[in-house]
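The lines below spell out each chain.
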Amino acid sequence: MQEVAGSAGGQYPTSYRAVARRFAPGERVRVRATAPLGHIRTPFYIRGHVGVIERYCGAFPNPEELAQMRDGLPAQPLYRVRFLQTEVWPDYAGEANDTIDIEIFQHWLEGLKGGADETSPPPSDPPRARP
Amino acid sequence: MSAQQDRGEYQALTYFQLMEVSLRELLVEKGVVSEQAVSDTVEDMRRRGPETGARVVAKAWVDAEFKRLLLENGTRACEAMGIDVPVLKLVVVENTPQVHNMIVCTLCSCYPRMLLGIPPDWYKSRNYRSRAVREPRAVLAEFGLQIAEDVTIRVHDSTADMRYMVLPMRPAGTEGWNEARLASIVNRDSMIGVAVPTIPKP
Amino acid sequence: MGGLPADRVVPSEHDTAEWERRVDALMTLLSGVKGGPPRMTVDELRKNIEAIGPEAYDKMSYYERWVTSITQTMIQRGIITTDELGQKMEAVRARPEAKCKK
Numbered sequence: 001m002q003e004v005a006g007s008a009g010g011q012y013p014t015s016y017r018a019v020a021r022r023f024a025p026g027e028r029v030r031v032r033a034t035a036p037l038g039h040i041r042t043p044f045y046i047r048g049h050v051g052v053i054e055r056y057c058g059a060f061p062n063p064e065e066l067a068q069m070r071d072g073l074p075a076q077p078l079y080r081v082r083f084l085q086t087e088v089w090p091d092y093a094g095e096a097n098d099t100i101d102i103e104i105f106q107h108w109l110e111g112l113k114g115g116a117d118e119t120s121p122p123p124s125d126p127p128r129a130r131p
Numbered sequence: 001m002s003a004q005q006d007r008g009e010y011q012a013l014t015y016f017q018l019m020e021v022s023l024r025e026l027l028v029e030k031g032v033v034s035e036q037a038v039s040d041t042v043e044d045m046r047r048r049g050p051e052t053g054a055r056v057v058a059k060a061w062v063d064a065e066f067k068r069l070l071l072e073n074g075t076r077a078c079e080a081m082g083i084d085v086p087v088l089k090l091v092v093v094e095n096t097p098q099v100h101n102m103i104v105c106t107l108c109s110c111y112p113r114m115l116l117g118i119p120p121d122w123y124k125s126r127n128y129r130s131r132a133v134r135e136p137r138a139v140l141a142e143f144g145l146q147i148a149e150d151v152t153i154r155v156h157d158s159t160a161d162m163r164y165m166v167l168p169m170r171p172a173g174t175e176g177w178n179e180a181r182l183a184s185i186v187n188r189d190s191m192i193g194v195a196v197p198t199i200p201k202p
Numbered sequence: 001m002g003g004l005p006a007d008r009v010v011p012s013e014h015d016t017a018e019w020e021r022r023v024d025a026l027m028t029l030l031s032g033v034k035g036g037p038p039r040m041t042v043d044e045l046r047k048n049i050e051a052i053g054p055e056a057y058d059k060m061s062y063y064e065r066w067v068t069s070i071t072q073t074m075i076q077r078g079i080i081t082t083d084e085l086g087q088k089m090e091a092v093r094a095r096p097e098a099k100c101k102k
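These protein sequence lines are chains A, B and C, in that order.
The opening residue of the first sequence carries number 1 in this note's numbering; numbering runs sequentially from there.
The opening residue of the second sequence carries number 1 in this note's numbering; numbering runs sequentially from there.
The opening residue of the third sequence carries number 1 in this note's numbering; numbering runs sequentially from there.
Chain A on its own, in the form it takes in the complex (with noise of 0.2 Å):
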């Protein structure tokens, strides 16, 4: 499997002013299930689900105010977030292992660790992807 080191910038570092990073890879993660207005990037069926960090690819400006002619700043971290496919389709014909890999904004995440600290700091040396 592919593994790529998290800098602490992300794999495409930006230098917008940006929210702090609040996941490392391999911390596992829900999709928040939430069906607002508005241009989103977040596919409708991927809600709900819950995958675990795969990368950090760095903090970008949101695309739901992009879309609206707004900066999108702060920047949101983004991260691609793994899934197994048998857990996200009821029916899915594939093998036991097969993954679907989705850029996800940090917005649209919660942790799903018991008495999860939202203000810490990420890690300096965040451990590799290993789902």
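No wet-lab data here; the hints were simulated from the structure.
Note that the structure is a prediction, hence the values are computed from the model and not measured.
Careful, some of the hints might be misleading.
Said to hold, decoys possible - Here are some, though not all, of the chain A residues that point toward chain B, as calculated from beta-carbon distances under 7 Å: (1) 37; (2) 41; (3) 43; (4) 60; (5) 89; (6) 98; (7) 99.
Ideal Cβ positions, reconstructed from N, Cα and C, are used throughout, including at glycine.
Starting from the known structure of chain A, fit chains B and C onto it as the hints suggest.
Showing chains B and C alone in chain A's frame:
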């Protein structure tokens, strides 16, 4: 091309073609774009195509350090080859004997255009975008690609700022080939993940 | 759209027509990729395609959706007005050479 030189058949502009001409002329009149910039950009995009991606794949097949860089930061690796890829944030995903990768953009049609050129119609189609995430094996079978049960399929949905390219496995029987020959067997579909490179029959 | 029932993928491609390439180029230029000031974002392009509604996929081709969306965005941003567009479209339509290659 002037009307005298070109003997192709013509028809009245459709509503949307009319819109394109009108929009472009208005933007030129207002100094937002120039006709020269439009035609230069058209030519620039015409020159971008899968052949460039194939060169990147071939180099990764022969140069282990380049492959490592490609997987770590696809954009920097392309730039190291002198390939101009403005705004591209390329994530390269590697096929192995255990893993086969497939790329889709369910929300629209995001594609590493600056590297591979304009995507094919089927990649933008409702059918591919709906089914690639849910039944990748069936879709691959429709493309003529059977993936063994013990090979994991990873689908990548390009929903945000990253763009994806598959690094296919180098086929057996290509030992000793130079980069140009290797690149010649890497087609666009193998970099999207709906095909794998094959050696042409003699 | 991911996961919705759909038909067999037809591996079709067509040679991109010149007017479609010009639409593509306009988007590249307007989003500032070529160095000019960005006049719109891909996010607005996508949002305005979504705003066309479900008929967009039944009745319009890919670049027809793009040109519609880019034009809407230019109107929303006040770079062109609806009236300017209407006047221009009438004028272009009236030209004897207003034709496109089949």
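Hint-by-hint comparison with the structure:
1. 37: Because about 16 Å separates residue 37(A) from the closest Cβ in chain B, which is outside the 7 Å limit, the hint is violated.
2. 41: holds, 5 Å
3. 43: Where the cut-off is 7 Å and the nearest Cβ of chain B is about 6 Å from residue 43(A), the hint holds.
4. 60: holds, 5 Å
5. 89: Cβ of residue 89(A) sits 5 Å from chain B, so the hint holds.
6. 98: holds, 5 Å
7. 99: For residue 99(A), the interface hint holds, since the closest Cβ of chain B sits about 5 Å away, which is under 7 Å.
In summary, the one numbered hint that this structure violates is 1.
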